[in-house]
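Number of protein chains: 2
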Amino acid sequence: PRNLSQFMGSRSISVEALKPSDTFPRRHNSATPEEQSKMAEFVGYNSLDSLIDATVPKSIRLGKMALPIFDEGLTEAQMIAHMQDLASKNKIFKSYIGMGYYNTFVPSVILRNIMENPGWYTQYTPYQAEVAQGRLESLLNFQTMITDLTGLPMSNASLLDEGTAAAEAMAMCNNIQKGKKKTFVIASNCHPQTIDICQTRADGFDIKVVVSDLKDIDYKSGDVCGVLVQYPGTEGEILDYGEFVKNAHANGVKVVMASDLLALTMLKPPGELGADIAIGSAQRFGVPMGYGGPHAAFLATSQEYKRMMPGRIIGVTIDSSGKPALRVAMQTREQHIRRDKATSNICTAQALLANMAATYAIYHGPEGLKTIGQRVHGLAGTLAAGLKKLGTVEVQGLPFFDTVKVKCGDAKAIADVAYKNEINLRIVDKNTITVSFDETTTLEEVDKLFEVFACGKPVTFTAASVAPEVENVIPSGLVRGSPYLTHPIFNSYHTEHELLRYLHRLQSKDLSLCHSMIPLGSCTMKLNATTEMMPVTWPAFANLHPFAPIEQASGYQEMFKNLGEMLCTITGFDSFSLQPNAGAAGEYAGLMVIRAYHMSRGDHHRNVCIIPVSAHGTNPATAAMCGMKIVALGTDSKGNINVEQLRKAAEANKENLAAFMVTYPSTHGVYEEGIDEICKIIHDNGGQVYMDGANMNAQVGLTSPGFIGADVCHLNLHKTFCIPHGGGGPGMGPIGVKKHLAPFLPSHPVVPTGGIPAPDESQPLGSISAAPWGSALILPISYAYIAMMGSKGLTEASKVAILKANYMAKRLEKHYPVLFRGVNGTVAHEFIIDLRGFKNTAGIEPEDVAKRLMDYGFHGPTMSWPVPGTLMIEPTESESKAELDRYCDALISIREEIALIENGKADVHNNVLKGAPHPPSLLMADVWTKPYSREYAAYPAPWLKTAKFWPTTGRVDNVYGDRNLVCTLLPVSQMAEEAAEATA
Amino acid sequence: PRNLSQFMGSRSISVEALKPSDTFPRRHNSATPEEQSKMAEFVGYNSLDSLIDATVPKSIRLGKMALPIFDEGLTEAQMIAHMQDLASKNKIFKSYIGMGYYNTFVPSVILRNIMENPGWYTQYTPYQAEVAQGRLESLLNFQTMITDLTGLPMSNASLLDEGTAAAEAMAMCNNIQKGKKKTFVIASNCHPQTIDICQTRADGFDIKVVVSDLKDIDYKSGDVCGVLVQYPGTEGEILDYGEFVKNAHANGVKVVMASDLLALTMLKPPGELGADIAIGSAQRFGVPMGYGGPHAAFLATSQEYKRMMPGRIIGVTIDSSGKPALRVAMQTREQHIRRDKATSNICTAQALLANMAATYAIYHGPEGLKTIGQRVHGLAGTLAAGLKKLGTVEVQGLPFFDTVKVKCGDAKAIADVAYKNEINLRIVDKNTITVSFDETTTLEEVDKLFEVFACGKPVTFTAASVAPEVENVIPSGLVRGSPYLTHPIFNSYHTEHELLRYLHRLQSKDLSLCHSMIPLGSCTMKLNATTEMMPVTWPAFANLHPFAPIEQASGYQEMFKNLGEMLCTITGFDSFSLQPNAGAAGEYAGLMVIRAYHMSRGDHHRNVCIIPVSAHGTNPATAAMCGMKIVALGTDSKGNINVEQLRKAAEANKENLAAFMVTYPSTHGVYEEGIDEICKIIHDNGGQVYMDGANMNAQVGLTSPGFIGADVCHLNLHKTFCIPHGGGGPGMGPIGVKKHLAPFLPSHPVVPTGGIPAPDESQPLGSISAAPWGSALILPISYAYIAMMGSKGLTEASKVAILKANYMAKRLEKHYPVLFRGVNGTVAHEFIIDLRGFKNTAGIEPEDVAKRLMDYGFHGPTMSWPVPGTLMIEPTESESKAELDRYCDALISIREEIALIENGKADVHNNVLKGAPHPPSLLMADVWTKPYSREYAAYPAPWLKTAKFWPTTGRVDNVYGDRNLVCTLLPVSQMAEEAAEATA
Ligand SMILES: Cc1ncc(COP(=O)(O)O)c(C=O)c1O
Ligand SMILES: Cc1ncc(COP(=O)(O)O)c(C=O)c1O
Ligand SMILES: O=C([O-])O
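Protein chains in written order, with my numbering: chain A, 1 to 984; chain B, 1 to 984.
You may find that some hints are simply not true.
Pairs involving identical chains hold if they fit within one copy or between any two copies, as the list cannot separate such chains.
Stated by the list, open to error - Subject to a maximum C-alpha distance of 27 Å in a straight line, what follows is the list of computed DSSO-like cross-link-like pairs (lysine-lysine): (1) Lys792 x Lys881; (2) Lys220 x Lys648; (3) Lys648 x Lys680; (4) Lys810 x Lys420; (5) Lys388 x Lys629; (6) Lys89 x Lys654; (7) Lys19 x Lys370.
Derived by calculation from the structure, the hints in this document are not laboratory data. Owing to the predicted nature of the structure, the values given are computational and were not obtained by experimental measurement.
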């Protein structure tokens, strides 16, 4: 053989070049070194690093961050392999645990076309209605489903989980009674986690919770604002609450019923029983258990209480052509408006899961759902009948829907046999077991249960042989007579093709990250990479019950531990709780931790919370929910906290200071220089610093909340850490704390938990979510992001995010004033452009610019927050320079359109901005009465010619909708009427 | 406890009601019993069954079909569980086998957004260009990638696999030389399967194949039309073919080079070496091995041979506004036009996989691809260097790219050690092993290989320690100097967001089954259910090398066996071959089986094939490829075969009759009554009956090819059996045969195979696909379909498909003549409407109707085939009555639009049909010069107001494009120019 080196093409090879090539950071961070230099130079710096040095205050600048694991970053293939390894450590036993979590078949068509589809999961909350009619319709379907099944006329578009929904209902009762009755009664037949969450939440509201056996409930005190009962009860029993409700009402007590949607296909609904509020979870409607979440909870009530209802509500209105259109209704109820007057802080909810549940109902239809309900009920009846035949245990006699309660000699012994058969039962107490069935249960599985309960005795029958003797046992007075889901949407899409097309029709109306950048300030709409998303729908993560024995979830537990440790490194904290299901829930958990800490030191009086006026609405709303007195703090003309003013406030409240809430970098998009001093002032005055982590995307690897001096911080994993927004949720809001706060982190009444890493001692504050680790199923997303980026990739992400904001600010500053800047004239990872001047010069408001952006194929930035009359732009590291340039081009072009108005060349009332957005129906109408041209309206930029996303409706009329509130699907007849009127 | 029966709501429960509820047939077959009755009545029958009885001739009507397994049908969840069980039986060893199949990382963003996305996989072949600009662009990207990498200016849009691509090139060489030189030389350094396929194929073309060591090749005979060499060779060597090509050309011999795309990122391309044709596989560009396929093969050549090029070619042209637009070019080359003059029968190809490969190249870009190539090359070099250090084996000295050839004492002993380490090597002979690397190989894996080859000797170094000494060993004369993939499309989408958006932009231009029904006669565009699709992308199916030891593929083998048996039941045959990769490949395999059968009986002279003129173009093309003489048979005025004429033809050719090819029901959409007699006539005259199974959707469960009397039949699994069309492939065309033909079913040179179930003896005809079981990866789709439907569901599908065709025919017959019908006036599963009259009355042609349908949101039916001037409509069982009604409404409305022309109320040349389709750019132009209104053009039906799919281009100009042939991406400058010209 010839010598290899004789070939001239030879070139030696470095080991570096032989490392795996499917690296991730370059796919996530969109900026080649050349682009980085180019942009940095454009901004006036000779390198990215010098820009960063000028932007992030030296005093808080970290040295190099080093992750405890995955510091180098895994490749995409390595990540998948690692997740497969974790998945293999989760053991999926058959679960009969129930307690609000049930196996369900996620219809494959829904799995693939919603849950695994970036066209559904990357969207933002549908505040920009004209480019969100698809998911608005889907959420309206959800609301209609809830109102139909509960028999109550108004529903919101989801809450975080059943437990917090109960707590929200408690707050509503308190509210309805104007805060004058301070006792809330909870029947002991509610799920333990529901009770625990309400107890935690009651604390802040200064409500007294009384947990009582149903038969012992009394309202004599006259102080009871409301009562919560469960239907069916946590141990399965179905009770007729008719008389109970009458009695409560007679005593001036509002009734909340926690109920099960599948049961309601067969049972008289809460509304017909007289309940004031119904809450529950839509999980078993085709949303995997996911070891606890995410799932959509619901809350329904009567129109009377609509203004007190927490959460987003979708409503019907009309658009600029008078055609029916949808949008988020009654936004004045939401925390971002009500702030410390709010009684709920909910912001991010569970839109994606609500959409899945609604679609599940659409696919099955009312008949299909009832069939499933009857089948589950029939199987439960079969178990009960068989167990009676068997005689080894005693079946409880109350009527049930899906859960059979069994009395036995030794519950643990039976559960152990079950365990050996890879079956999880619920042990209620040492002589009681419950068995909850669901749509996945089979006759063969019932046979297996007979074996388990036989305790060795031979079983001489099968479920199939017993079944014909079984009878449906819903008490006649509770059999549902009323129809539900009668709207055509629930009766048309029962084949896969029909459903597929309906879903794609909806999807086609929604602008998502699949189309273009969505630079919403404070929302960090970055890439949700596919590799991060893939494990979420693997059965080994999706099909675990949150209360399954912990050793069955070793894969999850290992991930929690790793994630907790990595988050500690990233934030500079000592321990994390993964329980909060959104940023607002994290705020709540964090402030409650602070509260518990003060209490533990005997500082019961510490209840003042200082909050800058620039804070997000959730901050004051949360503080109010924790029973704190809010001291508002103004900002100076540069948008910064006035340190001297803060010092004064802190000192003035020295005795009672509980906390200070601060967002960093500030909600104005600036790294305030004095932040470390600010923290010191608070500490010096006995307070704790709560940092709102919404802007973590500007901190990771450069500084950290812990390093800056914060005591606790939440992370919106759905912002900085890549969980997609899902069109308004899911999210995750874990909180990190310094060592002294770690003992107080939330635990759980069913599966005890606490800080990760675990602190030495623990005095948990209670539970704040229904599941021990919140929405565990979506944690792989953030976990994979961190692991694939490694320290270097993460740090680069922060730098590039800052670079991009500065690049855009620079490109735009000649056209729009940039409102706030740091000491060196740079901005953080986001910035505000000021549109207030145009109100006078051209009659133009931020909304007009946002709507006109739709014509350019873009979603508007954050509107009029934190400063009214402005737009806040956050590009993120994942957007390419080309995309930023297109967005800038659009804004600059719009500025020129405004100039035409200013110059009198365009009409103040009838111009291309006021007319925006322009849907095709308008643009192709035979009659065109606008003073500007169709083409100019439709194709204002060259890139639109090759592909354009079309808004599907003209500008929605918010006022009309709120005046004529309709929050369920219009009956078809009415739709036709409205359409006819509109076109008449 | 109270007695359960005291509750009045009780109702007893049947065992039936307790069976799993996630049944599949009702999701696939769209017709409730009420709808069935309603439609049957509308057609004039009192039940579905009476309609079927009147439609399917009694003489061929089967009793009940009973599948050997899954007869009752699995539920969706049971199916997934079964597939998981099969998956667990496949063992994924690390493959270094090479031979044209390599591990590859499918980028997750491509996996999810193309391969797992019905918006990409449910589309039809892009013949209706105006609603297919997305995948047309993607296929143009593929062609550009192939031309750039091979250095040859023209590429087609994919072929079935590398082996058949070589065979196609062989036919081209023969063709180029006008059939005058009948020898084709194949160098022995080609893959064995490539050689075998060419040998098989040569038979029919009467070409003599000479396999020769490169150094022994001589052209002295003067009879050599072409020569095929491989670059790099199958055992890895890189040779400089420069002189070789010159010599061949000097001898009037055309040179075909089989080459590897990844190697071509570093090696001088075939075009620069002077090759006339380059072929190969694009598999390793991000398409999983899938135990053999599907993958896209390519064929590139010079413009000179464009008319002889097989397969579809995408080209640039202009639309009705003069703007650049894409469409399938030069269709006159295709088999459906050339028929028995064709030298290739290819029809369905590998569009989806070509799109994946092109997108992989886009995502990596030229630099990224080169980096991957260099890395693979470097790892191979590291192995070679380490093995030399080790000294236990001898490394072959020729330069290599990714494959190291090793001489050793006992190849099997080493392979056994490897096997124990879950590693598959290629054993070339008892002293030779090759090791092929790919992008998934890591340094650690090279270390493991050192251990394997060390034969127990301690290894004192690591790959990382050896690497720095390794040199790149491409011979200098073969180092690639020329640039490639310089077009912006290959240089812009390297981050996930950019790629995601590019893919969604393309997707948004394409009409697919996600939008509306695509009732293409003869194509059976039915539901491709998600549950069927899911296993396709599971690693345990996706990542298996087709030549892996068979015991590692037990899951696959079990599925093949089950599938073969079920297909035998369905078709009435005795054995199946799963090798053919499309319908046309099945036809070829089937006729070759017939040929082999006659040969085996000494009937070498039997070479006459009778084919009705109504046959699909692939039929005569295939017969020609098998060296048969075609006798064409006319149909009578009712569209049927004239039995007497057939008898005459058969008797006249009695001595030489080889076969009769027939489609059943006929391509005219009719169950011919005499089919059993026809089969008998053929048999009586010594011929065999080949049935084209394209219309199996009208047979399953009602009759069968075997029962009717056919001897062999192919099944287009991508029609009746739910493999999605993928925008022009993949497909599968397994063939079933009667017992006497089973011994001749194809085998494979690397992994012997044959009929399933296996016949007693076997004399295989050779191989007809590169992989033993063809595109094994997509077989789970058909398998799941059959298993979930069960006999009852399948039979109902056929009935409902027939019902729906009759329903539509009935609704349309008052508006359009329905061309052919059976004896009782019914049609089969499809029907033809006659538009020929409108040519005279209104100047309207089928194309005008098809294009106008786009404005209604629909894809046109099959146009002008099998009868010019008509449309053939096949609704399938999966379309709802509502969807059929919408389609009928559209056609009826278009009929009214035609009437306006007939009445003189619309202009003959300038009307809404001639102007169709109407893209938004036209509809919103400031200037509107059409004599009809914009709204009428855009919204001709009420359902379009809520959601409309927009064609993105005006009608494409086919003639312009073929006159100005451009089959690669236009340089941007030229695009700008053309656009400028167009708008000038
Ligand atoms: C600054 C800030 N804090 C808190 C939140 C609330 O987070 P979540 O929506 O996850 O509840 C947001 C949400 O946008 C925010 O921007
Ligand atoms: C009747 C008929 N035969 C054969 C074929 C060829 O099948 P394939 O495209 O799978 O090669 C077709 C394809 O449309 C067909 O309709
Ligand atoms: O809804 C907000 O993200 O503020």
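Checklist entry - Within a copy, between copies, both or neither: where do Lys648 and Lys680 come within 27 Å Cα-Cα? => result within (13 Å within a copy, 105 Å between copies)
Item to check | Identical-chain pair category, Lys388 with Lys629, by Cα at 27 Å | outcome: Classified as neither; 58 Å inside a copy, 78 Å across copies.
Checklist entry - With identical chains treated as interchangeable, where does the CA-CA distance between Lys89 and Lys654 reach 27 Å or less: within a copy, between copies, both, or neither? => result neither (51 Å within a copy, 69 Å between copies)
Item to check | Same-copy or cross-copy closeness of Lys810 to Lys420 [CA-CA at most 27 Å] | outcome: neither (66 Å within a copy, 62 Å between copies)
Checklist entry - Using 27 Å as the alpha-carbon threshold, which applies to Lys792 and Lys881: within, between, both, or neither? => result within (21 Å within a copy, 57 Å between copies)
Item to check | Alpha-carbon proximity context of Lys220 and Lys648, limit 27 Å | outcome: neither (47 Å within a copy, 104 Å between copies)
Checklist entry - Is it within, between, both, or neither for Lys19 and Lys370, if the alpha carbons may be no more than 27 Å apart? => result Between. Shortest inter-copy distance 15 Å satisfies the 27 Å Cα cut-off; intra-copy 56 Å does not.
In this structure, the hints that do not hold are numbers 2, 4, 5, 6, in rising order.
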